[in-house]
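Here the protein sequences line up with chains A and B, keeping their order.
Per numbering that gives the first Met the number 0, the first sequence starts with residue 0, numbered consecutively.
Per numbering that gives the first Met the number 0, the second sequence starts with residue 0, numbered consecutively.
Heads up, some of the hints might be wrong.
In this list, chains with the same sequence are indistinguishable; a pair is considered to hold if it fits within one copy or across any two.
[Unchecked claim] Straight-line distance between alpha carbons at most 20 Å, and here's what the computed EDC-like set of lysine to aspartate or glutamate pairs gives:
id	residue 1	residue 2
1	K205	D169
2	K401	D370
3	K194	D214
4	K369	D305
5	K297	D254
6	K436	D522
7	K436	E224
8	K227	D265
9	K297	E250
10	K297	D314
Source of the hints: derived by calculation from the structure; they are not laboratory data.
Protein chains: 2
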Amino acid sequence: MLCALLFGGPLCASAQTATPASVAKNPLGDYTELTDTKPHDGAEVWSRMKKPVELVWGNTDTRYKKLDVPKLGEKTTLWRAKAWKGERINGQAVLWTREALDDVTVTASDLRGAGGAVIPASAVKASFVRYVMTDELNKDGKGGCGHRPDRTAWDSSVVADVLDTVSIRDLQPRSAQPVWVNVWVPQEATPGTYKGTLTVSGRNFKPMKLNMQIDVVDRTLPAPEDWKFHLDLWQNPYSVARYYQVPLWSEAHFDAMRPLMKRLKDAGQKVVTATIMHKPWAGQTEDFFDSMIAKTKKIDGTWSYDYTVFDKWVDFMVNEVGIDRQIDCYTMIPWALSFDYFDQATGRVLFVDAKPGEQAFTDYWLPFLKDFSRHLREKGWFEKTAISMDERPMKSMQEAIKLIKEADPEFKITLAGNYHDEIQADLYDLSIPYTHKFPEAVKAEREAKGQVSTVYVCCTEAFPNTFTFSAPAEAAWLPVHAVAGNYDGVLRWTYNSWTADPLRDSRFRTWAAGDCYIVYPGDRSSIRFERLIEGIQQAEKIRLLRGELAAKGADTQLEELNETVALFTPEGLEKSQMEPSAMLTQLQELLNTL
Amino acid sequence: MLCALLFGGPLCASAQTATPASVAKNPLGDYTELTDTKPHDGAEVWSRMKKPVELVWGNTDTRYKKLDVPKLGEKTTLWRAKAWKGERINGQAVLWTREALDDVTVTASDLRGAGGAVIPASAVKASFVRYVMTDELNKDGKGGCGHRPDRTAWDSSVVADVLDTVSIRDLQPRSAQPVWVNVWVPQEATPGTYKGTLTVSGRNFKPMKLNMQIDVVDRTLPAPEDWKFHLDLWQNPYSVARYYQVPLWSEAHFDAMRPLMKRLKDAGQKVVTATIMHKPWAGQTEDFFDSMIAKTKKIDGTWSYDYTVFDKWVDFMVNEVGIDRQIDCYTMIPWALSFDYFDQATGRVLFVDAKPGEQAFTDYWLPFLKDFSRHLREKGWFEKTAISMDERPMKSMQEAIKLIKEADPEFKITLAGNYHDEIQADLYDLSIPYTHKFPEAVKAEREAKGQVSTVYVCCTEAFPNTFTFSAPAEAAWLPVHAVAGNYDGVLRWTYNSWTADPLRDSRFRTWAAGDCYIVYPGDRSSIRFERLIEGIQQAEKIRLLRGELAAKGADTQLEELNETVALFTPEGLEKSQMEPSAMLTQLQELLNTL
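So that you can see chain A by itself, here it is in the shape it has in the complex (with noise of 0.2 Å):
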C-alpha cells in the first residue's frame, strides 16, 4: 500500500499494522473492532441495493449500525447548514456497500463563498465512525449505577460512537461506512453562502461526490477560551500513561495528552483536575488516579513537600494547553480517610487514617495546606486554585473547610456534591445535581461573587447523558439543559478515565458504558464530544443572544428565544412532548435567524 506516502505514518492504517504485538494491545493507529453479535441484515436484504455503493447524508442524531442497510428517508446528497462565524458544525454522511471495497478515503475540497471568499478544505474533519460494544440503562431505567459484575444482565452491543484518526480503510462488503464531517467556520469568514464536495474515493470504486452548502450568519462565536460556559470534564493522565504505555509524566506522557487536552481545551473547558493525595476517588477507575504532590515527613517531625509532578501538568495544561481559569484539587475528604506520604524514616510509603476534626487529619493536611499555598503564590496559581470536594457528610466538610481557612482565608472550595445552605457560601464551585436547585437568590448573590454554579451530571441521569448507548442528541442537548435550569455549566465527572480497552469496549466493571470517558485514545473523538461540544456552542449563543436582545430592547425575541431555551429542562420536555433532537434542531434556527 502506498499509504505512508499519501497520507503519512500516524493516519496510515497499514502502518500501523505492522507495528509489534505491545501497540496491538493498545491500539492507536487501525485497528479490528469487536464482533457485533446482534441480529442483522442479511445478504438478501444488501443484494436489494439498487448499485453496489451508495452514499448520501444522514443526519447527526442516528449511530447508524454497522451492518444494516442504513434506513434513510429522501436520499440527498446536498448537507445544508448555517453556521456562526467561529461555530463548528457537524454533518454525517454514510456511505454502504455490497461489494468489498479496498482503501477508502474520504476528502473535502475547500468551501467556496461569493467573491473568492473561501472556507480552506483544512477546516474541514471528515473521519470515519468507528463502533465500540457498549450496554445499557439498569432494568429500571432510572440511571446507570452500580457495580456491574456479571455482563450477561445487562444487554451488550456494538454502537457508532468513536470518530476515527485513521483515514484510509478497507471497507466489508454488505457493511455501512458513516462519515462524520465537522467544519470550523472560521471567525473571521465572510457572511454569506458557501459551497463545497466531499469526495469518498478508493482502489476498487469510482469516487463519489456529495455537496455541501454552509450558510455563514454574520455573528461570531468567541474562540473556546473566551465562552462563559464552565465546562468541567476530569482529566485522567494516568490513564493516558498506561494506555500508551509510556512513563509517567515523561515527555513521551505529554506528546501523548498534549492532542487530547488540547481538544478538551477547545470544548470550552474551564479547569485542570489535580490530586493532591493517593486514590483520592478510592481508586474506583480503570486507573487510579495518585497523588501530584509528595508529601515527606521528616525525622524531625517536619514535612516536606515535592511540587515537581504538580507543576509540570498544571504548567503544561495552563501555559500549553490552555486551560487557565481554574485548578481543582481533589481531595481533603476522601471515601477512604486514608492518606499517604513518604516517611523519611522508614524510607517507605505510609498511611494516616485519619477524620476530619481529628488531631491526626490536622496534623497531616495543616502544614501541607499553608505549605500549598505559600507554593502557589509563588507560582502565581494561588487566585485560580481551589481544594476540591466530593459530597461527604456535612460534619467533615464543615472541618475540612475549617482547616482550609485556618491554612489561608483566601483558599477557594470547591465541591461536587449536593446542595447546601449551610456552606454553599464557602463554596467558590459548587456542582449539584439538576434535581438540586440554587434558590433563586443564592444563585444571584453566587453570581455577584463570582462564584460558578454548576449542574452535576454522572451515571445517576439516565437523561441527559452521555453513555455511548445513549441518543447523541442528549450530549448536545444537556448543556442548553444547565442554562434551561440557570446553572453556569456542567460538571461531568470524567473525560478520559478510560476502560482497559476503551476503543473497543466502552464497558465498565461498575456503571453504564462509556460513563468513564468521551473521548478515545490515538487523539479520537466522539459522536457524544462532538454534539457536546455543538450544545456548548448553543449556550454560548443564547448567552449572546439574551445580552444583545436585551441591551437593544428586543423583547420579543427575547421572549421568544426564553420559551424555546425553557423546553430544555423536565417541564419543557413534559409539556412540548417534542424529540430533543427536534428541539435542538428548533433552537438553532432561531438562534441563526434572530
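Please build the complex by placing chain B on the supplied structure of chain A, with the hints as guidance.
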C-alpha cells in the same frame, strides 16, 4: 518502696512495675523471666543449707543455675585478680537463699591501695545476673545454622546471661542470684594492691560482705578507641526503634541507642553499620534493615538522593558515640537482587530487579555511587567509608567491584565472605571464616597496604561462639583465637538484632539462640559481651607485649608468649587438651606477669 528515692527511676524495679502495659510488653525496667521447666534441686536439697542465705565468690566461667544450690568448691569470700591500668576485669559472686529475700541490693566500696591510692566505687559495676531462654546447637553438634520452625526439636532451658540494670530485687525462696562484678581500673591508677568490699543487703536479712583485692600491674591498656583489634559487630537501629517503641530516627530513638552504642564503642568497635538499600539481608532478622538513603527517580529520568538519615546515623555514631574508624555500607549485591527507589511520577516506592552486569543494575547503582562519593567527600567521610558486600557468586562480586571503581576508583570495598584470591586485593576489609586462611604472603601484603583481614563468625561455628548456651569462656577465647590465626580482628554479624522478646527469650526462628544479639534492651550487657571484651583486651595485651618484648630482644619471653597464644588454635586445643577457660587463665597470668 523507697527505691525511687534511693536509686532513681531508670534502675528502680518498683518504679518500673507501675508503668503502663505498653512498656510491660517490651520491658526496659524490671521484668519477669520465663519459667525454667528443667528439673532442679528440690526443697530437701535446699533445706540442707547451713545458713538461710549464703554469699561467696564463684567464677566467671559458670552460668550458675537459678533453682539449684550452686556447686562450688572451696567457698571463698575473697576475689583476687590482676589487671593492667585501664583494663576491665570480671568477677562473679553468687548469692543463694532458702528464704525469700526482699529488696536485695548490691553495693561496692571504693578499692583502696597504699598511700591513699583509690579505685573509686564508681569504677566497680555490680549487676544482678538474669536468666534468658536458650536452645542448643544443631543435633549434629556442627553449628547453629538453619531454620528452626519446630521449637520442640531443639531442647530449651533458661541460662544466666543478662546483666541487669535493675539494682533492687526480691529473691524467691530456694533460688540463686549470681552477681557479676566488673572493675574498670583507671588508666591513671597507681600500680599496687587495692582492697574493697562488695555488700549485699536487703530488708529482711543482715548485710553480707565479700572482699575484693585487685593487683594493678604497671602496664597500661590504651583506651578502647586506640585498640588495634578490629571488632565489627553489626548494629541494628531498627531493632532499637521497635523494642523501645519510639519513632525511627527520632530523638527518642537516638536517646535509646546512645548507651547501647557507647557500650559497643567501649568494646573497641571500629565499624559503623550503614544500609544503602531496602532489606540488604532479605529481612532475615526480626527487624529488617531498611535503606538509610532514599533514592528518588525523578520524572526527567535523573536521580536525587536524600542522605538525611544516613548523615544523622553516621554523625551520631562517629561524632557522638565515637565509633569513627570505618563506615560499612550494605549492600549492592543482596541475596534478593531487588532495589528500592521512590518514584516521583507515581509517588510510590518501586523496585528494580537487576543483576550485576545488567544495564538496569548499572542505571540504578552508578549514578548513586557517584553522588554518594561526592556526598561522602563533602562530609569528610569518604576515606573511612566502604561499599560492603556479603559472599555472592564470583561474577556478581566482580561486576559490583567494577562498577564501584567506575564510580570512584578510590572507593573502599569490604566483603564478609570466603577467601578469594581473584578479588582479595580489591577488598579493603575482608572477613573470612577461620577455616579460610589468608596465604601468608597475602596477609603480609594486606598489612603493608593497611588492609583489614578479620575472621568471620556466625551460626556456622559450634566453637568458639557467643550463643546464649555457649560456655562464657568461649567469648573471651574468640579474640585470642583470631590473633592466634593471624587475623586482625573479628566480625560477628550482629550486635543487637533483637528477637521479639529478647530479654526473656533469645531463641529465633533461624539459628541457635543468641546468634542475633549479644547485648540486651534497657542498656543491659551480658556475660557473653563482658567476656568478649575480656578477650579483646587480652588480644591488645598480646599485641603490646609482643611489640615490647621484640623491641627489647626478650626472645625467650616472646617465644613463651607466642607458644601460649598458639594454643588458641584448633591445633593447640587438640594438642594441649586444655579447657578454654584454663587456657585463658594461663594466658592472663602470663600477660600480667611478663
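Discussion item. Need the list of violated hint numbers for this structure, in ascending order.
Written reply: Violated hints: 6, 7; rest satisfied.
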